[in-house]
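Colleague: Keeping their order, the protein sequence lines are chains H and Z.
12 is the number of the first residue of the first sequence in my numbering; add one for each residue after it.
312 is the number of the first residue of the second sequence in my numbering; add one for each residue after it.
No lab work stands behind these hints, which were simulated from the structure alone.
These figures come from a predicted structure and were not determined experimentally.
It is possible that some hints are incorrect.
[Unchecked claim] Here are the simulated DSBU-like pairs of lysine-lysine, each with C-alpha atoms no more than 30 Å apart in a straight line: (1) Lys-550/Z x Lys-596/Z; (2) Lys-34/H x Lys-91/H; (3) Lys-541/Z x Lys-405/Z; (4) Lys-320/Z x Lys-549/Z; (5) Lys-118/H x Lys-680/Z; (6) Lys-71/H x Lys-486/Z; (7) Lys-30/H x Lys-91/H; (8) Lys-549/Z x Lys-596/Z; (9) Lys-680/Z x Lys-140/H.
[Stated by the list, open to error] Here are a few chain H residues that sit away from chain Z, every Cβ distance over 10 Å (derived from the structure): (10) Pro-26; (11) Phe-28; (12) Phe-37; (13) Ile-44; (14) Trp-93; (15) Ser-102; (16) Thr-106; (17) Ile-116; (18) Leu-120; (19) Ile-142; (20) Leu-164; (21) Ile-172; (22) Ile-173; (23) Asn-175; (24) Ile-176; (25) Tyr-177.
No residue lacks a Cβ here, since even glycine has one placed at the ideal position from N, Cα and C.
Read off the chains here:
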Amino acid sequence: MNNVQKQKRANKSLPFFFKDEFKVFFIIISISIILLISTFTFDIVPPILNRGIQPATFPKGLLVLIIILISIVYYLSFKKPWEIKKKLPKSFFLTIIGFILFAIISKTLDFFLAISILSIFVSFCWGEKRIFYLVLVSIIFPIIVFIFFETILGLRFPPGIITNIYYQV
Amino acid sequence: MFAPLLSSKLMIVLIFGTLFGLILGVLPGLGPTTGGALILPFTMTLDPLSAIVLLTAIYCSATYGGAITAVLINTPGTPAAAATCLDGYPLAQKGEAGRALGMATVSSTIGGIFSVIVLVFFAPLLAQLAYEFGQPEYFALAIFGLTMLASIGEGSPIKNLIAGAFGILISTIGKDFMTSIERFTYGVNELSEGIGFIPVVVGLFAISEMLTQSTLLDQIFKRVALKAVKLPSLTDYKKTWKTILRSSGIGSFIGVLPAEGGTVASLIGYSEAKRWSKNPEEFGKGSVEGIAGAEAANNAATGGAMVPTLALGIPGSATTAVILTGLIIHGVRPGPDLFREQPDFLYGIFGSMLIANILFFIFGFFGAKIFARITLVPNRLLWPMIFAVSVCGTYSLSQSMLDVWIMLFFGVIGFFMRRYGFSVVPVIIGLILGELVEGTLRQSLVIFEGNWLMFLTRPIVVIFFILSLIALIFPLLRKKKI
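Pulled out of the complex, with its shape left as it was, chain Z reads as follows (with noise of 0.2 Å):
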């Protein structure tokens, strides 16, 4: 599995990309879908593998980074860390933070570690079933997608699925590339190749938080102060075995699935240690297990949410999306074949998501007072300097000024969405999925000859029809939740 990544190239980049990752995790707002979509343009002087190796390691180490601000400020520093909040302040608070940190370190080290072995085992297998999808199947399981996405994704299912279908609509602007019909192009020549998936996410991720800080600019941060991490002791061990395991299963399950996985993991992942805990009454108040069962989630997911993205070029988070069109861009495409085809490309993926688990372990504990001091420098000064990348890093990919418009432009329609309680991530995934939707159904048009009974006669189809259907019906009923 390392032997891929025997090479002093290799080992710098993914040092590089864990010390980076850590960085982005620990600025509040930034995290690792922007951070991602930041350094895609740069990955581009780079060979495939370390560009994949570079923002992977960005991805696991950017997922624990959130934690050392959630502890500290009491502010998530990605969203994926806002349960950490939830004990890993209190207990700060109480003078434990190098204990709340050294809990949050080891559980979301072992909640990687646990996924990327989830990983190994299961996106083979996930990539062996592939192979009997045909066009179809393919559908309905894009479909399944983003009825998931939409039901376990946070806030509204409806206004979920909205967002998702907003996406799709993005990914038909330009050519269609079946008929080479221009649509909602609109005369402007640079649109018929489409809108760019970097723009979206840059504009949807980084310029609408840029507007979101300019609202809370009156915030002021009490950072609680850190001596240093500690290593938990062996009775917070006895105490948090189970629920870490416990977490790291619940959050390989949730990455797997197509939702904002690590929120949503570290959220159930919380409540389940709470619910199994033989101190419930603790939980709030700074209780080990609370900060075990919320981080070991939120890593487990990240090593879940490659299964489908590199099994089914399907996407299980909006990293994954981001890391998908680096896979894109660099010419690998990812499904069944690169399983077959590439399988020391795999293998260097793997390892190193292993070692950037490592090696957060490492830098977090040795590095989590000089990391956290990253969180003092302004936000009047720091975004400035992101939207100068920003506007640097969009532009770069085609020398075009209309891919820096359309960051602009859904930099506020994301501050707008997020400010009526539209979660952005289902825009990135249904943008992604979108020609796989329409391209999978115009071809299973033609297998049936324009007949769409015909999908029924595919078991496949009609059991994940089945799971989409269940998917949006039950949280309406369970939630009511609009």
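Chain H with its partners taken away, still in its complex shape (with noise of 0.2 Å):
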């Protein structure tokens, strides 16, 4: 038995919605319409001042294309399934939940010090146990990209409780 018959095997056990092919054409298909709908909210240009084509022509014009090609490539899949993905690790959710740290802490504390608790928890996340390297990677090199930041390319940060330090606010 060949590969493709194997994965099509394989893939018959899933109900179709299940399958990557879908749910990546789904995604593909709902925001492209969603998209092409917003279009018809664009302001139309009077005649006179209209160069060539409405501004809204050419974006959809781009989406019909991405929508005509996505089906295309899931009508395909039926003839050759995709390679089916092994199960995404732990260690890939944990880096998701370090952005979203990331951007609620600098939202509303510190851009740096959510650079240096992103550093810290992807880090230790990742497998890194060792002190040192966790200072070294959550405070010690934030704190020498800052001063890079802002001597050389004179640079200033957002606001927050510990760029406000140094800021002297």
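Make the complex out of the two chains shown on their own, each in a separate frame, by following the hints.
Modeller: Written out as structure tokens, the structure reads:
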């Protein structure tokens, strides 16, 4: 039994809406249709100011093209099913949680505190247990980056509980 | 050619760029595109020539640097070094890591220098040809570029086209540049200016790679010991000189076409080396011809990819898209006028690429052992640090947190795109070509008074359309790979 046949057999056991092919097709089609509908809300330019085509026409054309192409991809996946992917490991979801933590902390507390917390969180979740290295990635390195951007590029970082101390606000 | 480079500042930039590029190339997951995007904010402190010299030096040396990791740990440092693993690692396992790296270094240098010669001769010719181009021709050229990208890029052509269309769609976000009508902004004022190139590139390459690395934590790399890099013997030279020249030609040609230049070039260079070899049975078991074929081709693609970038303002690869962005943010508009108005600037670029190829030969030859040690930095320390630099670099461009959110968003999108076989490179090229495609289409329609059939009255347009059609149909018939 060749790989394609094995793949087909493995895929047959799943209902169609659980298959990767359908999930990808469904997500892309749904987003494209929502965006396509939103293009009808774009302002229309009077003919005298119109340069060739209306501003909505080009994105509409692109979205229709994407819908057609993803439909072809989905149709062809019946003939040649996609390779079944391994489940995503816990470390992937922990990294995503790290990103969410970063977003919340940088929005509410401090940009650099958020970088430090993400760094220590990801490094720890990925298997680093040595205190020195955790301190290196979460405190020493972000401080170096901060000073570098601040002094060389003259960048002013967003206000926050730690950044304000530095800027003496 | 070297006159513009005769300053200590530029030489320091060149040496730093080459060393930094080697480090980027050696570290799996990073590479010239991510590295270039990360360093772009820092180039704002430099003058235009120094900035582009830095970016091109990184491009050349990072492309070579991937070979060090490919030979020693069987993991390509950059995608372009994937074919090098096939023979580089088996040869290293036989205790000949020095010979494998020596061959990779020599063939990369020859391929790189060959491609700079191609660049010096062909870029001005292409630029001269581009004088004949009007808006319709540029539109057809951009379409041709995108279809070539879809057809000779990695993976499925249809998925590549979807990714390219997605990239163009991103470029339409913000105020329409012709009528100032807002598109896809949904009331967010910061989106009126559109989505920046750098947050998307850093997201699609660096952040998505970080997520990919989070799924590979159980992988254990075995590093082959390296005593010293050895120059190839006379027998090796006799065996490989034709392969190196052939692959240099292939790489330069593939590089000119808009696609994932180095990656595709090295695969074709490798398979052609095998096809023409007297000992094809040795391939995959540690053949020096295999290493030479792949490495000469991927480095030859660097100069090739710069040809359309400089002559037409159309990037030949994802990394040259970053270089193009670097040129634009420093106020340099690539295209035919650049060749007429700023020849010194161009000679500076040509010269710096040539010197970068010589420099990475020296650094690679004497320092490969040290660079190889960089692969020992564990991912659990490396990636949080890259995250910190990515976030600060992205924020620094317009001091906007929205850019940081865009970067994270595209990081997640990029991860899932790669997981399901959609290449992220067409998104980048689509994003950078988007304004050109739409702008030239609309201006052409103004010229043609809305008559689409008028495109077919222009011979160059018709040629590009036919070539685009061939580019689309040919791989579908050949590979049937969806």
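Colleague: Hint by hint, say whether it matches the structure.
Modeller: The hints, checked one at a time:
1. Restraint check for Lys-550/Z and Lys-596/Z: the C-alpha separation of about 16 Å stays at or below 30 Å, so the hint holds.
2. Straight-line distance between C-alpha atoms of Lys-34/H and Lys-91/H comes to about 16 Å, which keeps the hinted pair within the 30 Å bound.
3. Taking the CA atoms of Lys-541/Z and Lys-405/Z, the gap is about 15 Å. The hint holds against a cut of 30 Å.
4. Of the supplied pair hints, the one linking Lys-320/Z and Lys-549/Z is violated, its CA atoms being roughly 40 Å apart against a limit of 30 Å.
5. Our distance criterion of 30 Å between C-alpha atoms is broken by Lys-118/H and Lys-680/Z, whose separation comes to about 44 Å.
6. Between Lys-71/H and Lys-486/Z the CA atoms are separated by roughly 16 Å; this keeps the pair inside 30 Å, and the hint holds.
7. The hinted pair formed by Lys-30/H and Lys-91/H meets the criterion: a straight-line CA distance of about 13 Å does not exceed 30 Å.
8. For the hint pairing Lys-549/Z with Lys-596/Z, the CA-to-CA distance comes to about 20 Å; that is within 30 Å, so the pair holds.
9. Of the pairs offered as hints, the one joining Lys-680/Z and Lys-140/H holds, with about 28 Å between alpha carbons and a cut-off of 30 Å not exceeded.
10. Once the 10 Å rule is applied to beta carbons, Pro-26/H is consistent with being away from chain Z; the minimum gap is 19 Å.
11. Listed as a non-interface residue, Phe-28/H keeps its Cβ farther than 10 Å from every Cβ of chain Z; the least gap is roughly 16 Å.
12. Look at Phe-37/H: its CB is around 12 Å from the nearest CB on chain Z, clear of 10 Å, so calling it non-interface holds up.
13. For Ile-44/H, the condition that its CB be more than 10 Å from all CB atoms of chain Z holds, with the nearest at approximately 14 Å.
14. With a minimum CB-CB distance of about 7 Å to chain Z, Trp-93/H fails to clear the 10 Å threshold, and the non-interface call is violated.
15. Look at Ser-102/H: its CB is around 5 Å from the nearest CB on chain Z, not clear of 10 Å, so calling it non-interface is violated.
16. The non-interface label for Thr-106/H is inconsistent with chain Z: the shortest C-beta to C-beta separation is roughly 4 Å, within 10 Å.
17. Remark: the non-interface label on Ile-116/H is consistent with the geometry, its nearest Cβ contact in chain Z lying 12 Å away (cut-off 10 Å).
18. The non-interface label for Leu-120/H is consistent with chain Z: the shortest C-beta to C-beta separation is roughly 13 Å, beyond 10 Å.
19. Distance check for Ile-142/H against chain Z: the nearest CB is about 13 Å away, which clears 10 Å, and the non-interface claim stands.
20. A beta-carbon of chain Z comes within 10 Å of the beta-carbon of Leu-164/H; the shortest separation is about 6 Å.
21. Once the 10 Å rule is applied to beta carbons, Ile-172/H is consistent with being away from chain Z; the minimum gap is 16 Å.
22. Chain Z leaves Ile-173/H outside its interface by the beta-carbon criterion, the shortest separation being 14 Å against a cut-off of 10 Å.
23. In this structure Asn-175/H is separated from chain Z by more than 10 Å, as the shortest Cβ-Cβ distance comes to about 16 Å.
24. With a closest Cβ-Cβ approach of about 18 Å to chain Z, Ile-176/H is found to remain outside the 10 Å limit, as its non-interface label requires.
25. For Tyr-177/H, the non-interface assignment is confirmed: its Cβ lies about 14 Å from the closest Cβ of chain Z, beyond the 10 Å cut-off.
When the structure is compared with the earlier hints, violations turn up for hints 4, 5, 14, 15, 16, 20 and for no others.
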